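If you read the sequence shown in this note's numbering, its first letter stands for residue 1, the second for the next number, and so on.
Any given hint might turn out to be false.
Stated by the list, open to error - PhoX-like, lysine-lysine: derived pairs with alpha carbons at most 25 Å apart:
no., residue 1, residue 2
1, Lys164, Lys146
2, Lys181, Lys207
3, Lys44, Lys189
4, Lys164, Lys44
5, Lys130, Lys108
6, Lys171, Lys146
7, Lys162, Lys143
8, Lys190, Lys232
9, Lys73, Lys162
10, Lys146, Lys184
11, Lys132, Lys108
12, Lys207, Lys270
13, Lys273, Lys232
14, Lys273, Lys189
15, Lys83, Lys143
Stated by the list, open to error - Label pairs and their in silico Cβ distance ranges:
no., residue 1, residue 2, range
16, Gly133, Lys164, 21 to 29 Å
17, Glu236, Asp124, 38 to 46 Å
18, Lys128, Ser52, 19 to 27 Å
19, Lys226, Gly133, 45 to 53 Å
20, Asn98, Lys275, 56 to 64 Å
21, Glu208, Ser79, 22 to 30 Å
22, Ser79, Glu201, 45 to 53 Å
23, Ala198, Ser79, 40 to 48 Å
24, Ile186, Lys226, 16 to 24 Å
25, Asn98, Gly133, 20 to 28 Å
26, Lys270, Lys232, 18 to 26 Å
27, Thr185, Ser33, 47 to 55 Å
Treat the hints as calculated values from the structure; they're not laboratory data. Source: prediction; values computed, not measured. In this text, a Cβ means the ideal position worked out from N, Cα and C, and glycines have one as well.
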Amino acid sequence: MKNKILKIGLLLIILSLSACAKNNEKTKENSHSEVEITTVQGEKISIPSNISRIVSLSPAVTQVIDDLGQKDKLIAVDSQSPKYVKNLENLEQSDMMNLDLEKIMALKPEVVFVTDLTMFQSSDKIEKIKEKGTTVVVLPAEKNFKEIKDNIRLVALTVNQKEKGQAIISKMEKDITALKKQAKTITHKKTVLFEIAASPEIYSMGKETFINEMIETIGATNVMAKETGAVKISEEAAILSNPDVILTNVNYMPHPVDDILKMNTWKEVKAVKNKAVYY
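Model the full structure from these sequences, guided by the hints.
Here it is, written out as structure tokens:
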């Protein structure tokens, strides 16, 4: 049962991997069939009330758009999105850290979704997109479930699918409540190491992240909970943490689970000894 809860939790993590906006959006429709959204940061953005040409430069946003039934409106995505959403291979693709500005603008998008990391890396290109009159929606990195829900609301509002967005949020809240209920039955909390980058450059997630909140929700303990945010850890520190379970979302390697299980220096780690390593 404990392993089942952990697997359910991991699935929910994957389905909820959304870059998120912390916003209290207000909307109004003007006489030109545009909707104005005001974010909590005070930025006002105007979008067509019926969008038909979307560029998503975030795998998480692409997943939300798919869940909202709006995948057919995507005209370009980042190079990672096809790994998470089916049948996107024929769309134009761009590296979200190094935008192909000419390719994107040639498609004449109405809305471009980007993460704050993309904004940081390619702010000059993003500004040029805005100058052409295209709406750019920037989604800051999330820290908790609330911000994940805020992001879903914003994406749903942007693509005129507010009710479907709320339905997704309600389902997510129901799943979280069920996990919390199951977690209360656990008498011995398993320790978890969540790997987002593999050895030798290991990165994990500490407190003030939705990954940590998810681990706690499923009745487990994050071995990196004393750290804050995304944290780089040495292989020695990872081994010494001796987690009961290792969760990895490394997708740039073909066999991340096998790679962990085969590392000779990790053979005494409980998760490796018990083959409790999951992708």
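Status of each hint after checking the structure:
With a C-alpha separation of about 17 Å, the suggested pair Lys164 and Lys146 falls inside the 25 Å cut-off, and the hint holds. A hinted pair counts as satisfied when its Cα atoms are at most 25 Å apart, and Lys181 with Lys207 qualifies at roughly 22 Å. With a C-alpha separation of about 45 Å, the suggested pairing of Lys44 with Lys189 is violated against the 25 Å cut-off. Restraint check for Lys164 and Lys44: the C-alpha separation of about 23 Å stays at or below 25 Å, so the hint holds.
Under the criterion of a C-alpha separation no larger than 25 Å, the hint pairing Lys130 with Lys108 is consistent with the structure, at around 12 Å. Of the pairs offered as hints, the one joining Lys171 and Lys146 holds, with about 14 Å between alpha carbons and a cut-off of 25 Å not exceeded. Distance check on the hinted pair: Lys162 and Lys143 sit about 23 Å apart at the alpha-carbon level, within 25 Å; holds. Proposed proximity of Lys190 and Lys232 is supported: the alpha carbons are some 22 Å apart, at most 25 Å.
Between Lys73 and Lys162 the CA atoms are separated by roughly 16 Å; this keeps the pair inside 25 Å, and the hint holds. Between Lys146 and Lys184 the alpha-carbon distance is near 21 Å, which keeps this suggested pair within the 25 Å criterion. Distance hint between Lys132 and Lys108 is fulfilled; the C-alpha atoms sit about 9 Å from each other, no more than 25 Å. A distance of roughly 23 Å separates the Cα atoms of Lys207 and Lys270; the hinted pair therefore holds under the 25 Å criterion.
Between Lys273 and Lys232 the alpha-carbon distance is near 24 Å, which keeps this suggested pair within the 25 Å criterion. Proximity of Lys273 to Lys189 is assessed by CA-CA distance (about 18 Å); at most 25 Å being required, the pair is judged to hold. Of the pairs offered as hints, the one joining Lys83 and Lys143 holds, with about 24 Å between alpha carbons and a cut-off of 25 Å not exceeded. For Gly133 and Lys164, the hinted distance range of 21 to 29 Å is satisfied, since their beta carbons lie about 27 Å from each other.
Checked against the given bound of 38 to 46 Å, the beta carbons of Glu236 and Asp124, roughly 41 Å apart, stay inside it. Between Lys128 and Ser52 the Cβ separation comes to about 22 Å, which falls inside the hinted range of 19 to 27 Å. Roughly 47 Å separates the CB atoms of Lys226 and Gly133, a value that falls within the hinted 45 to 53 Å. At roughly 38 Å, the beta-carbon separation of Asn98 and Lys275 lies outside the given 56 to 64 Å, and the hint is violated.
Range check, Glu208 to Ser79: Cβ separation about 29 Å, and the 22 to 30 Å hint holds. Here the CB-CB span from Ser79 to Glu201 is close to 21 Å, at odds with the stated 45 to 53 Å. At about 19 Å, the CB distance of Ala198 to Ser79 disagrees with the hint of 40 to 48 Å. The hint said 16 to 24 Å for the Cβ distance between Ile186 and Lys226, and at roughly 21 Å that hint holds.
Our hint of 20 to 28 Å for Asn98 and Gly133 holds, since their Cβ atoms are close to 23 Å apart. Between Lys270 and Lys232 the beta carbons are some 23 Å apart, a value that agrees with the proposed interval 18 to 26 Å. In this structure, Thr185 and Ser33 meet the distance hint of 47 to 55 Å, their C-beta atoms being roughly 52 Å apart.
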